[in-house]
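Novice: Chain B: place on chain A using the hints.
Letter by letter, the chains look like this.
2 protein chains.
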Amino acid sequence: MLKGTIETTDDFRKYGKEMIDMIADYHDNIANLPVVPDVKPGYIRDLLPSKPPQTPQNYEKIINTFNEAVVPGLTQWHSPRFHAYYPIGNSYPSLLGGILGDAIGCAGFSWKSNPAYTELEVVTMDWFAEMLDLPKVFMHSSEGNGGAIIQTSASESALVSLLAAKSRILTTKDSDSTKLVAYCSEQAHSSIERAEMLAHVPIKKIKTDHKYSMKGDTLEKQIAIDIEAGLTPFFVVATLGTTSLCSFDKVDEIGEVCQKYPNLWLHVDAAYAGSAFICPEYRYLSKGLDNVDSFVVNFNKWMMVNLECSALYLRNSRDFTDSYNVDPLYLKHEHQETAPDFRHWQIPLSRSFRSLKLWMVLMSYGVKGLQQHIRYQIKMAKYFETLLVQDTRFEIFHDVTMGLVCFRLKGANDLNEKLNRRINNSANIHMTPSFVEENFVLRFVIGSRLTDIDDIDFALNKIKSHADELGKDEK
Amino acid sequence: MLKGTIETTDDFRKYGKEMIDMIADYHDNIANLPVVPDVKPGYIRDLLPSKPPQTPQNYEKIINTFNEAVVPGLTQWHSPRFHAYYPIGNSYPSLLGGILGDAIGCAGFSWKSNPAYTELEVVTMDWFAEMLDLPKVFMHSSEGNGGAIIQTSASESALVSLLAAKSRILTTKDSDSTKLVAYCSEQAHSSIERAEMLAHVPIKKIKTDHKYSMKGDTLEKQIAIDIEAGLTPFFVVATLGTTSLCSFDKVDEIGEVCQKYPNLWLHVDAAYAGSAFICPEYRYLSKGLDNVDSFVVNFNKWMMVNLECSALYLRNSRDFTDSYNVDPLYLKHEHQETAPDFRHWQIPLSRSFRSLKLWMVLMSYGVKGLQQHIRYQIKMAKYFETLLVQDTRFEIFHDVTMGLVCFRLKGANDLNEKLNRRINNSANIHMTPSFVEENFVLRFVIGSRLTDIDDIDFALNKIKSHADELGKDEK
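In the order they appear, the protein sequences are chains A and B.
Take 149 as the starting number for the first sequence in our numbering and just add one per residue.
Take 149 as the starting number for the second sequence in our numbering and just add one per residue.
Mixed in with the good hints there might be a few duds.
Taking lysine-lysine pairs in the DSS-like style, the calculated list, with each CA pair at most 27 Å apart, reads [stated by the list, open to error]:
(1) B:K284 with B:K165
(2) B:K435 with A:K162
(3) B:K480 with A:K612
(4) B:K530 with A:K188
(5) A:K480 with B:K610
(6) A:K151 with B:K530
(7) B:K516 with A:K610
(8) B:K151 with A:K527
(9) B:K352 with A:K480
(10) A:K284 with B:K610
(11) B:K162 with A:K516
(12) B:K359 with A:K359
(13) B:K530 with A:K162
(14) A:K353 with B:K480
(15) A:K566 with A:K530
(16) A:K199 with B:K435
(17) B:K480 with A:K355
(18) A:K199 with B:K516
(19) A:K480 with B:K353
(20) B:K480 with A:K209
(21) A:K620 with A:K284
(22) A:K151 with B:K165
(23) B:K480 with A:K566
Hints are computed from structural coordinates only; laboratory data are not their basis.
Because the structure is a prediction, the values reported are computed rather than measured.
For reference, chain A alone in the conformation it holds in the complex (with noise of 0.2 Å):
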């Protein structure tokens, strides 16, 4: 019937397995490509034809159109050179798993409307709840109301919780809508001012300690100022490795303090770190899980899966199914009060089968090989620490726990973003800074699942000789 160019099975078995082997190219020569393209704003649109092509264009086509126009665009995320925000997960099990979801290619609404995409996801989520430790009552298996779903990113983990949470409160105290407050830490990532802003309610920023935490006290003290003024305190953020420093706020005594209040929702947002929390010992770090209401780990930051794969744990899924239960007939099914309909925990109906990529890096590596791939970054971003801290011209920002090295040149902000510019400009390595209480503070991840001791010596060279030149030329 239609006649586009990759249309049959045969088609597919010739140009897939062609496909396969080009990523697999790639990924061999990625070390090699420059980790930031040197394009301009509007170069596709000038490579390419300004109209769309009106009949089937080949397979030989496609792909030279690709690497003529995309390639020299992209941003090699995983360059063992990427040193720039947190990573991107990325492996070939979540490939594999990727486009076979795909290929299976239902939605999960309902449980009905694919079942295997429901139970799976149930599965694998209670699993993932015990490697990381998490309090049972977050699994689908305990006997509450718990239980996790993969939501797109840590922001929209954020919105749809603190929306449950506003709706929560409104519904429970004769409670003024316009006297709602929530908090977070100033360190807090700028999805939360997002997610401020879309369910505007304000967030107020709680002052850090030295160590950049949130502390219970601190907290405490403004939740009583605010009651004192009328306010209704119902929703705080608490991060465990955050994005500029990878600081950790105090969980346990934020959820301490939580406690003393009716209907003040924890949430806990640990996109990157959380996932460290399958080694046993990082569990210092996610002490007083006990008291949270929602935790979210973004799986495709640290657990080698692609986007997007946001995992989001909740006491009690019936704060959300009320929240957002719609019920139209031609969703219902007979399994409603057995099984979970996924779509009364998100934002969009339908979504791909996420967990299927999920489920094959976890077969693949094996809880162990999970956690060989945390120790090995960790180990990484020790390593680079311990090399630059034997020059004497720099100085460590804040302490390495994670896969993150905050560092700065000792002195001026100014020679410090000189730094930073030249790093980024010379695209041999790939950074983003950040600023901190007045400090401009240059942040060196371990971003990709190659990066490896001979690619940090790279970086750390590199680094020093743009020091050594900007040197020479402040003399």
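Specialist: Below, chain B without anything else, positioned relative to chain A:
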């Protein structure tokens, strides 16, 4: 370093090609699989170990487990005999674009974080705007601030549009957030009601005419009543192709009404039917888009593109960027004034490289191939309708314009409920019903790109023979 079982590029070459063959075999055989699985809630938990694997499992073991545990619980959305809900897109070029995008695996939250990501999305969205004959104002290349991005879903698109409209009215008027009111038709999708809950604003349902269309005058009367009562109308949702019946609101009339009120945002939900506007002969259904603020079409429904691919077109992206702009140092870059940063247009910060699969589908089919797909599916629906009405027991419930046929047995709802249950219990074909103005309605959708004339004949025979048996039982 790592010891996963699909770890080296050689592993990937080997198992990736096996996976391609496995998917090809699966699609070759899909017509022979039961459309609806025969499993009970909890079935996967009973099949899998209670604990996650500690050590790496080999590829063969992973695939065997998949075949034993996942496959028996799949609803086959791409079976040619799947006629439920609305379609989820799928095609080989989409699968290849998906795995290639995952292999690149980078976030595109800012232009700088991956220029090719933003650039390809901008061009592809503009190409589709032209193909759909949207007003120029919705294009990135237009002089104003129009443009589009790919959201996860129509649900998310409606929510972010509603929240932006709420922000816009709250900043431009000295209006009271508790006085806001929004509108949609009583046939609007459940996601609109969901958006109402999430955004904590009331959405009033407007009565439709005898063709299940929301009309301008009916809306205007309600607006006048509400303004008289001191409320502030700020948001209207019009639907082109409703979920229950595929009815079409009168966007031209509604747009003229909205123009009379300052800051009354008109959002058009064309999730399913919007793709049909690439065929000129269906554009009579989309008259009046000149007065629209936001327009959403899920290419992951009818353009053979996998989830998630919901294109949201905006008249003025500043309505979004002003609402959602958060700009920490670690995300700043030097091209912020000349290139769009998609993070300001959406809820998530990071998302996968969605435009690549859409672009590959367009390249591989061309505009003409995509038109042919739409036309063929509508032709199949018409064919079903023509044959069905030759059996005088049945009546068509609503005009067939797209790939959906709504029908019922003449007589009581009870009879139609029984027929629906029989059809779905047989697992030969799958349909989902609807309930419209006290009528239980059967929906027959052309859902799979594989559905051909033989499959329609098969479905007709099954439906008729279930009706025969039902007739016998009733006697």
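Novice: Against the earlier hints, flag every one the structure doesn't satisfy and list their numbers going up.
Specialist: 1, 2, 4, 7, 10, 12, 13, 20, 21
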